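There are 2 protein chains.
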Amino acid sequence: MAASASIPKTVYLGTFVHCVSLSDLEISEKGAIGVDENGVIQFVEKNVDLAQVHEKHSDWKEAKVTELKGNSFFFPGFIDTHTHAPQHPNTGLFGKTTLLSWLETYTFPTESSFSSLEKASPIYTNFVSRTLSHGTTTCAYYATIHVPATNLLADICLSRGQRALVGRVCMNSHSMSPDYYRDATLESALADSKASIDYIHSIDPQGDIVRPIVTPRFAPSCTAECLSALGDLAKSHDAFIQTHISENLGEIELVKELFPKSESYTAVYDETNLLTEKTILAHAIHLDQKERETIKARGAKISHCPASNTALTSGCAPIREYLDMGLTIGLGTDVSGGFSPSILEECRQAIWTSRFRAMGNGDDVKLSTQEALYLATRGGAKVVGLEGKVGGFEVGMEWDAQMICLGEVAEGGEKEGVFESGPVDVWGWESMEDRVNKWVYSGDDRNCVAVWVRGRLVHKTAKFQG
Amino acid sequence: MAASASIPKTVYLGTFVHCVSLSDLEISEKGAIGVDENGVIQFVEKNVDLAQVHEKHSDWKEAKVTELKGNSFFFPGFIDTHTHAPQHPNTGLFGKTTLLSWLETYTFPTESSFSSLEKASPIYTNFVSRTLSHGTTTCAYYATIHVPATNLLADICLSRGQRALVGRVCMNSHSMSPDYYRDATLESALADSKASIDYIHSIDPQGDIVRPIVTPRFAPSCTAECLSALGDLAKSHDAFIQTHISENLGEIELVKELFPKSESYTAVYDETNLLTEKTILAHAIHLDQKERETIKARGAKISHCPASNTALTSGCAPIREYLDMGLTIGLGTDVSGGFSPSILEECRQAIWTSRFRAMGNGDDVKLSTQEALYLATRGGAKVVGLEGKVGGFEVGMEWDAQMICLGEVAEGGEKEGVFESGPVDVWGWESMEDRVNKWVYSGDDRNCVAVWVRGRLVHKTAKFQG
Chain A
1 MAASASIPKT VYLGTFVHCV SLSDLEISEK GAIGVDENGV IQFVEKNVDL
51 AQVHEKHSDW KEAKVTELKG NSFFFPGFID THTHAPQHPN TGLFGKTTLL
101 SWLETYTFPT ESSFSSLEKA SPIYTNFVSR TLSHGTTTCA YYATIHVPAT
151 NLLADICLSR GQRALVGRVC MNSHSMSPDY YRDATLESAL ADSKASIDYI
201 HSIDPQGDIV RPIVTPRFAP SCTAECLSAL GDLAKSHDAF IQTHISENLG
251 EIELVKELFP KSESYTAVYD ETNLLTEKTI LAHAIHLDQK ERETIKARGA
301 KISHCPASNT ALTSGCAPIR EYLDMGLTIG LGTDVSGGFS PSILEECRQA
351 IWTSRFRAMG NGDDVKLSTQ EALYLATRGG AKVVGLEGKV GGFEVGMEWD
401 AQMICLGEVA EGGEKEGVFE SGPVDVWGWE SMEDRVNKWV YSGDDRNCVA
451 VWVRGRLVHK TAKFQG
Chain B
1 MAASASIPKT VYLGTFVHCV SLSDLEISEK GAIGVDENGV IQFVEKNVDL
51 AQVHEKHSDW KEAKVTELKG NSFFFPGFID THTHAPQHPN TGLFGKTTLL
101 SWLETYTFPT ESSFSSLEKA SPIYTNFVSR TLSHGTTTCA YYATIHVPAT
151 NLLADICLSR GQRALVGRVC MNSHSMSPDY YRDATLESAL ADSKASIDYI
201 HSIDPQGDIV RPIVTPRFAP SCTAECLSAL GDLAKSHDAF IQTHISENLG
251 EIELVKELFP KSESYTAVYD ETNLLTEKTI LAHAIHLDQK ERETIKARGA
301 KISHCPASNT ALTSGCAPIR EYLDMGLTIG LGTDVSGGFS PSILEECRQA
351 IWTSRFRAMG NGDDVKLSTQ EALYLATRGG AKVVGLEGKV GGFEVGMEWD
401 AQMICLGEVA EGGEKEGVFE SGPVDVWGWE SMEDRVNKWV YSGDDRNCVA
451 VWVRGRLVHK TAKFQG
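So the protein sequences, as listed, match chains A and B. Per the numbering used here, the very first residue in the first sequence carries number 1; after that it's consecutive. Per the numbering used here, the very first residue in the second sequence carries number 1; after that it's consecutive.
Simulated pairs of lysine-lysine, BS3-like, Cα-Cα distance not exceeding 30 Å:
#	chain 1	residue 1	chain 2	residue 2
1	A	Lys460	B	Lys460
2	A	Lys366	A	Lys389
3	A	Lys119	A	Lys194
4	A	Lys30	B	Lys96
Derived by calculation from the structure, the hints in this document are not laboratory data. None of these values were measured; they are calculated from a predicted model.
With these hints in hand, go ahead and build the complete structure from the sequences.
Below is the structure:
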């Protein structure tokens, strides 16, 4: 199986950048990281050259060496804690719609077509390639209600070597599930969700690369019985859960109408055993104080999706307040409510959203570059249950990494407009911290020249010389 | 002189997209545009093939033909109504600063180094290449206080064939002009501004490509005498004027302190004859009703710079209100307060900013894709005095255009992650309007494969086969 094929013991040499805490970025300009045949980091050295590495680690003299050239650095792979793979072809199509009208206009018609594997296959193939090309090494995917297409998405992730949580979407209610795209019965919904969980366990029993995730679309699309049954299903399989919460004011009103006995949107999930330490709640924009506290008490996690929240005019999630109270937060691209498969773009959007909140609430709520990068890596790792395994460069963690190459400005300035190095202009005088900032604010997939998951090279561009 | 070299009479064949009004985008899928040796559009035909063009315009049978291939369309060149060329190397560097601290930390030190032409040359060369590569055919540039470097920027624009307004920055006051970077005296300031105006007139007497622009940095950097003298200078040369207004609350307070007799920030400029029909006011975020009316009465124009306003947490300009009262508005990248030289990115940012305003003020204030594109082309043309000349495709207008190539998704979906077509995924079923939306929300410079100004090809990538 490709995903578990052994990889050559490798020493990665050059500049390493990663987050060591929410506010601190560590930059090691002359670093060396030894990654073994299982993709596990065996040593991390700072301020060394190869001779010193070999002296200190004599059993690594025969190891492969991958050394950075030019203005490059290694950065942990990005973690996308919320996205919808079947909505990929609708990227950029939302017009002036908001959540509920957007679902009916764009999303449900597209998702319903995934009854055909022929339709699903190129879209899932392309989307996994897209997210990998942006440095996303772990991704929490919503699929559709269809078991075969959901299983295909898991197959593709496993084959490409991208860590993934793959969820068959469950939606059985008449309120926000259209006639042409709805689980036929509660029984069939549960059977289908279970079938997809079983399939994903069968292809990756340890869940090293792909894992199933129980996926009630959101409360308005599921009956209370269905939500409860999914809570039980997740419990019996010790599985992750993902759903949406408190994205849009109209949606919140709808939940009140549909679940009149529940005190809040959060209570609906809490009462159906869907709020666990393995639950990923996307959006979480308009939560009241009690809801926030319930989520914290249950240990559920939040996926912040600012690009989507802006594009659909959903609102600005109060991330600083959540961080201050100790909630666990990662970033999600939420394609195609979000308009980009890139977590780097999502970092920028998280920063912009925090600035919009700052305009009325003071500078303290602004997210820094470092904080956004933390949410994109360490924060995301906590959200998807991979804390201590990915998201940073430490002994015992696995080598999920991207090689970022910034290139440099041509001698005398580019005269013809052919910017072979990509979108970032590095002049030579910039500190490493400046370079990281330039990457965050003007970089894109052209700067992501190679990507590894568990030590396996899963993406590279022509610029990568491994 | 390169800029006025004649170009071959050419028929451009394929899909044309342009704005015909603030809310209407016209898409002609089988169009033909005839551009003569002077770069002027002589005919615009819809629903035709080449044979029909030759039949109707028999004197164009020998003309060169540039035909679109694949998922491509012609779009008017973008107009950047406000940017700072010397700040290009600081792109992405702002941290958590706001306007006044950002000026002192990043901007003034960099700009002051442009006393050296050796420093200025590669930066200006590179930046003009960057803006052209993003499809910017006209740009209103701030330079620095230095005459030789300012003139060099004008030389580069003329040589590359990019329409430009180039302004020597004037700043003589002790308040917001540091000791190391300030016009020495009022007299030297005026003499230097005049010297640069005269130089720019000498290299392009008709102002077909480059024109000078009187550029008081902003009220806090100039004495009242200086502002008045610059108002007179602009009047005597019938010149354009550019400056900043009402960007940041601290700045507005500072203007109140420095100009206690003036009723408002706008009044400071009005009282010094700087508010004219040829004045470009950047930002204009926090104007009160009377200021808005004064600006309208004087016919002054507004450059909306949302990327910068978000990055520096300046605020969200009320663009819908300005449009409703009939103010003239274009978009500005405001590098390096803004983090991108791309007007396409600025379109997105204008849309996001309008959504943040919508969150508190209702959906009516949202800008549509069409409206953002209008501001980027026709709106910008009005701001820089080129209405009726550029910004759309009409007989008598000049051929300032970009060829946008979207490419298409590989058969079966991209399997290796090598996205040769660039960032936009076109599947084949999309309407032209969908394709334009995909370009606006996920496109970048990779999609801009050729750029013309007055019929002259001023930028191309390897993908262009002209």
